[in-house]
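Trainee: From just these sequences and the hints, can you work out the full model?
Respectively, the protein sequence lines represent chains A and B. Under this note's numbering, the residue at position 363 of the first sequence is numbered 428, and the numbers go up by one with no gaps. Under this note's numbering, the residue at position 20 of the second sequence is numbered 169, and the numbers go up by one with no gaps.
Everything labelled a hint here was simulated from the structure, so no lab data went into it. Watch out, some of these pointers could steer you wrong.
One side only, chain B facing chain A, incomplete, derived with CB under 8 Å [to be verified]:
{"no.": "1", "residue": "Pro206"}
{"no.": "2", "residue": "Ile281"}
{"no.": "3", "residue": "Ile289"}
{"no.": "4", "residue": "Leu308"}
{"no.": "5", "residue": "Leu311"}
{"no.": "6", "residue": "Ile318"}
{"no.": "7", "residue": "Thr346"}
Keeping only pairs whose Cα atoms sit at most 25 Å apart, straight-line, the calculated DSS-like set for lysine-lysine is [as the list claims (entries may be wrong)]:
{"no.": "8", "chain 1": "A", "residue 1": "Lys401", "chain 2": "A", "residue 2": "Lys155"}
{"no.": "9", "chain 1": "A", "residue 1": "Lys498", "chain 2": "A", "residue 2": "Lys93"}
{"no.": "10", "chain 1": "A", "residue 1": "Lys493", "chain 2": "A", "residue 2": "Lys413"}
{"no.": "11", "chain 1": "A", "residue 1": "Lys401", "chain 2": "A", "residue 2": "Lys474"}
{"no.": "12", "chain 1": "A", "residue 1": "Lys216", "chain 2": "A", "residue 2": "Lys206"}
{"no.": "13", "chain 1": "A", "residue 1": "Lys399", "chain 2": "A", "residue 2": "Lys93"}
{"no.": "14", "chain 1": "A", "residue 1": "Lys413", "chain 2": "B", "residue 2": "Lys244"}
{"no.": "15", "chain 1": "B", "residue 1": "Lys172", "chain 2": "A", "residue 2": "Lys413"}
{"no.": "16", "chain 1": "B", "residue 1": "Lys244", "chain 2": "A", "residue 2": "Lys474"}
{"no.": "17", "chain 1": "B", "residue 1": "Lys294", "chain 2": "A", "residue 2": "Lys474"}
{"no.": "18", "chain 1": "A", "residue 1": "Lys155", "chain 2": "A", "residue 2": "Lys498"}
{"no.": "19", "chain 1": "B", "residue 1": "Lys244", "chain 2": "B", "residue 2": "Lys336"}
{"no.": "20", "chain 1": "A", "residue 1": "Lys93", "chain 2": "A", "residue 2": "Lys493"}
{"no.": "21", "chain 1": "B", "residue 1": "Lys294", "chain 2": "A", "residue 2": "Lys413"}
{"no.": "22", "chain 1": "A", "residue 1": "Lys399", "chain 2": "A", "residue 2": "Lys322"}
{"no.": "23", "chain 1": "A", "residue 1": "Lys493", "chain 2": "A", "residue 2": "Lys399"}
{"no.": "24", "chain 1": "A", "residue 1": "Lys155", "chain 2": "A", "residue 2": "Lys93"}
{"no.": "25", "chain 1": "B", "residue 1": "Lys566", "chain 2": "A", "residue 2": "Lys413"}
{"no.": "26", "chain 1": "A", "residue 1": "Lys205", "chain 2": "A", "residue 2": "Lys155"}
{"no.": "27", "chain 1": "A", "residue 1": "Lys474", "chain 2": "B", "residue 2": "Lys301"}
{"no.": "28", "chain 1": "B", "residue 1": "Lys169", "chain 2": "A", "residue 2": "Lys493"}
{"no.": "29", "chain 1": "B", "residue 1": "Lys503", "chain 2": "B", "residue 2": "Lys566"}
{"no.": "30", "chain 1": "B", "residue 1": "Lys244", "chain 2": "B", "residue 2": "Lys169"}
{"no.": "31", "chain 1": "A", "residue 1": "Lys399", "chain 2": "A", "residue 2": "Lys155"}
Residues from chain A that keep clear of chain B, each with C-beta distances beyond 10 Å, as calculated [as the list claims (entries may be wrong)]:
{"no.": "32", "residue": "Asn211"}
{"no.": "33", "residue": "Thr494"}
{"no.": "34", "residue": "Tyr495"}
Glycine included, each C-beta is placed from N, C-alpha and C at the ideal position.
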Amino acid sequence: MNAIIVSAFFGVVMMFASWSIKGENKQKNIALIGLFLLFLANLAQLNGWYVVDVDTKNMLSFSRFGLYTNTLFYCLTFIYIWINGEEISKIGNHAADFYALFFFMLCGASILTSFDNLLMLFIGIEILSIPLYILTGSDKKSLFSNEAAIKYFLMGSFSTGILLLGITFIYGATGSFNLIPPDPSILNEQFMFSAGLILIFAAMNFKVSAAPFHFWTPDVYDGAPTVFTSFMATIAKSAGFIAFINIYLVQYKPFEKTWGIILPLVIVSTLMVGNVTAVFQRSVKRMLTYSSIAQAGFMLFALYGTSNFANEGILLYIVVYSLASIGIFAVLVKMKENSFEAFHGLAKSHPLLAFLTTVFLCSLAGIPITGGFFAKYYMINAVLVAGAGIWLVVVAMIFASISVYYYFKLIQAMYFIPGTPAIGELDKTYTYKLAVIAILIVVLGVFPNLLFNYLYF
Amino acid sequence: MLLSFILIPFVTALLLLFIKNDKSANTVAIVSTLGTLVAALVVAGNGAVDFNAPWIPVLNAQFLLHADGLAKILVLLTAISFPAIIIATSQNQPKQKNIFLSLLLFTQSGLMGVFLAGDALLFYFFWELALIPVYFLSSIWGGEKRIAVTFKFFIYTFLGSLMMLIGIIFVYMHTSDQSFLIQSFAKANLTGGQQVTAFALFFIAFAIKMPIFPLHTWQPDAYEQSPSAVTMVMSAVMVKMGLYGILRWLLPLFPTAFMAHINVVVILSVIGILYASFIAIRQDDIKRLIAYSSIAHIGLMNAAIFSHLQIGIQGAMVQLFSHGINVLGLWIIADIIEQQTGNRSMQQMGGLAKKQPTLAILLVGFALANIALPLTNAFVGEFLMFNSLFQYNVWVGAAAGVSIILAAIYTLNMVQKIAYGEVSTSINQMQTINKPAQIVLIVLLIIVFVTGVFPQPLFDLTADSLQQIIVK
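Mentor: Here is the structure:
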């Protein structure tokens, strides 16, 4: 509860800051301080201390898992703004507006980690999505950005419609918006209930860009300014996953018969679309958007979870994938163009930057001593423990080795092909900030348990 | 003590990144690898040793290093190969030599880890870590088609290791104490069907690494295109990872599934032996010839292991070491010739015996070992292996036996084309005598003949592992 209130409050603060406080650096610092306070507020609640104790009539419930996930989101956003602050201020005229949007999105994300009611799910998703539409179109002078925004808005609204329809069906079947699993015997409308589950399932798949609901992703991620793509593909998407898990793994697990049949199909098609299409991309940014679809396929494995591996795994996956993506997008931001050719010879001119990019790519590909390895490891383990069939894992791993192809194509461009990289101004501190991310990734790759220690203490 | 095998190369590799001077980098690398060699000799003299530390408590994974006979013989091979390779190629001048050597030592660290790991997850870690530096080494310093070829190699092996990862997790789930230790793995409750699944997942990884026909297509290209030092590492040590994996993990862990697949694997191996031998006859490029010859020899070792007889496994274990030494010698000679003539085509060679008699003698020595003539080390292992294949099935034994003749054909043909005849223009370019390389070759040749005449130390070294593998 603390986090929801504080994040909404800081959203408003940042809106006012955009005209009352001049200087983009100051605004960025206020945002970082705000994030830190948000982090503290959430930590306070983790330890049982409330700023305001509101009776939410069971519409929200705060589990340790949800609160801890919040903490991770705030930390990731902190890193994101810390690194990208300068780039954010280059877009549009009022950087503080964007920071306000980030706070609103975090508010939505905080609701998504704690909702216990379908209406709160809806509100959370909308609070998260609407700022995303704005961010996509924030580069007002670029036609691509505008096109992406309108596409995203139309498609997003459509999927929200589907979500609402699903919620309505479930309300019709159970007579309640609460996410308490109904006793199957008193269900008067089994069919309606199943239909509702499937509709929500589809809508959630849209939000996390899983195939066959992924069509918006490439255009939107590609069209949006790269700094914002970074946020959309990482923290915003992860919040969607947490919501997904909250509904299906926590509450509607007993009804796995309905949505469980579609799940492997969704996973396999997501992996296939993501990985195979990424191979053929000529632009690094587009390759990364397809890779983000592919990674979503892996994250969906968490829905099989009956064990701690799924819970811990999705957290690890979110953190590691977000860190690596924030890192690689931060490199991409500095490039003058998005093609693979722009990276030619980067290792010669910027050895450290090239090395860090390699670490990020290796993590995305899941190579040991980077966190990506254990993220994949936990997902595989979750599926195998749930007994979902080894074929699914084998298929996923085949696609994972395809993913090596396109990730390493970038490494090849940097290291093995001579040329002059099309890279803009780059100061040392920026590279060092990225090094911090890389170090975090490697630390998580050797000691993944560092992340979970706080989940249970 | 065991940790030093991983730490010495690793720390030196980090150090080398900061030593810009080529000469001193080379010296540091040589000193470090010789240090590792001394440590390996000390450990080989002792009984089985362990190193144990907690690693990832949540998963119950341990940093367990264990050196029994099988591990020791491969650690010894690795420890001998690396200084030999670095000294023999010290006259080659790759750009940024310190980084080259650094990556090479990272590979050594990974390889040592693979051979020593007693914990499945740790094994997987090192398995990958040995691969990644090689990817960069070959892609940066390799031949003309290096990028595509190395990429193929990398994706092939990466796919294999991912399958192995699934296998590891799969077995881990069925262990009674949820542990990655090899002892727990051996006691895992797997039904017959589950054993077959796990067997298949592990076997793909090992088969790609060795490689076994029909998964061998990455190898000749990769050997040809990689820089010589890397080719030597791959051929002398890295391919042994696959065979080691079978002896250490596959056979003891999934005996039922292993027995069920004996015939398939032996037949595939024998096809591979003959196929590779016939192709080797037609090769004109020295490097490709040695590559195909290596496929044939590895196939033979694999077939012998899968014949599942004591002598076959014994022979294969000794041959792991011997083949490493022999092939290393051949590669070093091929490298000297290529460096000094800029040419690898045997058509354009001839007269080495007149121009550089010492090198020619060394070439003949290693060629004889490659054919496994008596008195050479390869004879000991191959004799045992053929013996076991004959006991397994006469026809299979006979088919595999043909490969000895084929080996004689292609190897002697190579010697004839390179060493004898008129001095050709390209051989005539060989002016300098590569002293360090020749010293290394002489040392290796001494090992070839000493272990050929007196192989008992190798048998003693591997005796304890043999007991464990066979008892199971």
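Trainee: Are Lys244(B) and Lys336(B) close enough, with their CA atoms no more than 25 Å apart?
Mentor: violated (50 Å)
Trainee: Holds or violated: Lys205(A) and Lys155(A), Cα atoms, limit 25 Å.
Mentor: With Cα atoms ~12 Å apart, Lys205(A) and Lys155(A) stay inside 25 Å; holds.
Trainee: Run the distance test for Lys498(A) versus Lys93(A): straight-line Cα separation, threshold 25 Å.
Mentor: holds (16 Å)
Trainee: Would the stated hint for Pro206(B) survive a check requiring a Cβ distance to chain A of less than 8 Å?
Mentor: holds (6 Å)
Trainee: Holds or violated: Lys294(B) and Lys474(A), Cα atoms, limit 25 Å.
Mentor: Answer holds: Lys294(B) to Lys474(A) is near 15 Å, not above 25 Å.
Trainee: Mind checking the alpha carbons of Lys401(A) and Lys155(A) for me, to see if they're no more than 25 Å apart?
Mentor: holds (14 Å)
Trainee: Within a Cα-Cα threshold of 25 Å, do Lys216(A) and Lys206(A) meet the stated pairing?
Mentor: Holds. Lys216(A) to Lys206(A) sits at ~17 Å (cutoff 25 Å).
Trainee: Decide if the proposed pair is consistent with the structure: Lys155(A) and Lys498(A), CA atoms, cutoff 25 Å inclusive.
Mentor: holds (19 Å)
Trainee: Would the hint linking Lys503(B) and Lys566(B) be met if the CA-CA limit is 25 Å?
Mentor: With Cα atoms ~13 Å apart, Lys503(B) and Lys566(B) stay inside 25 Å; holds.
Trainee: Within a Cα-Cα threshold of 25 Å, do Lys399(A) and Lys322(A) meet the stated pairing?
Mentor: violated (48 Å)
Trainee: Taking 10 Å as the cut and beta carbons as the points, is Asn211(A) off the interface with chain B?
Mentor: At about 39 Å from chain B, Asn211(A) clears the 10 Å cut-off, so the statement holds.
Trainee: Straight-line Cα separation of Lys566(B) and Lys413(A) no greater than 25 Å?
Mentor: violated (42 Å)
Hint check: violations occur at hints 19, 22, 25; the rest are consistent with the structure.
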